[in-house]
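Single-letter residue listing:
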Amino acid sequence: MSQANPAKKIINDPLKCADELFDGLVLAYDGKARRVGTRSIVMNDLRPDAPALLVGGGAGHEPIYHGLIGKGMADGAAVGEIFAAPPPDIVLEATQAVNRGKGVLYLYGNYAGDVMNFDIGAELAEEEGITVKTVIIADDVCSAPPSEKGKRRGVAGLVPITKLAGAAAMTVDTLDELVRIAQKACDNTRTVGVSTKPGSIPATGKPTFELADDVIGLGMGIHGEKGVGLIPMCTADELAAKILDLLFADDLALNSGDEIVFFVNSLGSTHMMELLILLRGAKPILEARGIKIHQTIVDNIVTCQEMAGVSFSITKLDDELKKLWDLPCESVGYTKL
Amino acid sequence: MPKSSLSKDEVKAMLILSCERIIAAEPMLSQADRDLGDGDHGMGMERGMRAAIEKLNAAEVESIEKAFSSVGMAMMSSMGGASGAIFGTFFRNGGKALNGKEAFDAAGLADFLKAGVDGVKQRGGAAIGDKTCVDAMEPAATKAAEVAGQSLPEAITAVAAAADAGKEASKAMVAKFGRAKTLGEACIGFPDAGACSVVVIIEAFRDFIVA
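The listed protein sequences correspond, in order, to chains A and B. Going by the numbering used here, the first sequence opens with residue 1, and the numbers climb by one from there. Going by the numbering used here, the second sequence opens with residue 338, and the numbers climb by one from there.
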């Protein structure tokens, strides 16, 4: 194993990044969350007799997934190695810690490793008498056509989805209700991302994928998934229009008068300046269709190291989701007053 | 001298050899994964096999089943990701098929491989031709069933050749799973890294049995 650090990461040991960032995350919660077992993080103050919301996934995409635990957000998270799903025993330890007798909802992105490990974790939990249900986030429009939605990846839409599911977890009394609302949040959320530069793998410093300097990967996922294809580098206004075209072309009906959460996310190193310029370009296009932004989020929350690129996520709100959206939430990754 | 069947302690020694071979093969496995994926397969497998050796050496081996399944548990817990779940399932499910067996012979090898690959296919949804570890596991299991009546050294020699042929065949395939899927036809010419790991493990079994 080479100890080289060509990506110039500010780290201690390339092989200990997941454990060390986890230690730091627990500290960032200022005593409101605690470490459980090997690498799970769980909020201290959980509503009694309530169904639980557990998220999780590989490390290296901070502040997701584990930075989305908090009041009005997820109750806990199972944390994997860098870019690798958490193993079943970490899922199990997190499940045991968040369960308050009403069962646990697993909410995570659609990646083979996550599905397998969470499924095995669920089987182990069921053996202990804990009821587990699963809702899989698959909001990445360009990763598969609408007819093959089961193959879509989970990307930045997980932020509004986790916020809505977290609000539901604060208010509902049964796991089935929590499942229903989380599933509705997923059904109403779509994301399209673009990439301009790859990220790097902390342990090797190697780029996560290849991308020429003069092109943008349209519809590219956070791991370099191919998406729609390459387009020449263009202006922010042109790019905002292209991304929105792909979102409008999908099967989420967006009609005049609809209210949405609009999330402009940086994949890591794309600057807030660029996000704001993109937002400026997107807003009149949405307005022209009569779509009303109920809440704008402009932030880097779903990242892949120093990968450059941006995604737009749209979550369509009905009356129920809007009420849940308006509840406050607080987490390292996303806070709403 | 070639071994006609293995005791539980010999199974443990065979498993430790396969773990050591994977650790030694880390640069090759990582390179294979860099050609198609993000290049961390070798490091993950090394982490899993170091944990497996520790677990095997921590206590007296209770049974042949437990020897295999403890490797699976150690890999699953220490690796995470898709590889941890897949190889963990392979050894755990394979081990369960040897419940109550006092000796590991050619029939046991066939039972182990069949249950192992069935578990992997069920867990991950991959089939032969998808350019995954199944492309080495399934031909090995099929060959093992054919030669279950032969001596253990003859059987494992044929099974190791079948696994290697399966890995070689994976070079021509277009990936349906994992990061390699994003490469499309660009992945033709490279073997699947998971299939490479399967070959390293089964060739270690062969070398232990035939030696």
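It is worth saying that the hints were derived from the structure and are not from the lab. Since this is a predicted model, take the numbers as computed values, not measurements. The beta-carbon is built from N, C-alpha and C at its ideal position, and this holds for glycine as well. Each hint should be verified, as a subset may be incorrect.
As the list claims (entries may be wrong) - Computed cross-link-like contacts, DSSO-like style, restricted to lysine-lysine with a CA-CA straight-line distance of at most 30 Å:
{"id": "1", "chain 1": "B", "residue 1": "LYS392", "chain 2": "A", "residue 2": "LYS149"}
{"id": "2", "chain 1": "B", "residue 1": "LYS392", "chain 2": "A", "residue 2": "LYS16"}
{"id": "3", "chain 1": "A", "residue 1": "LYS226", "chain 2": "B", "residue 2": "LYS508"}
{"id": "4", "chain 1": "A", "residue 1": "LYS32", "chain 2": "A", "residue 2": "LYS151"}
{"id": "5", "chain 1": "A", "residue 1": "LYS184", "chain 2": "A", "residue 2": "LYS16"}
What the hints assert, rightly or not - Pulled from the structure, derived: some chain A residues nowhere near chain B, Cβ distances all over 12 Å:
{"id": "6", "residue": "ARG39"}
{"id": "7", "residue": "ILE82"}
{"id": "8", "residue": "LYS151"}
{"id": "9", "residue": "THR204"}
{"id": "10", "residue": "LYS206"}
{"id": "11", "residue": "ILE231"}
### Query
Hint by hint, which ones does the structure fall short of?
1, 4, 5, 6, 7, 8, 9, 10
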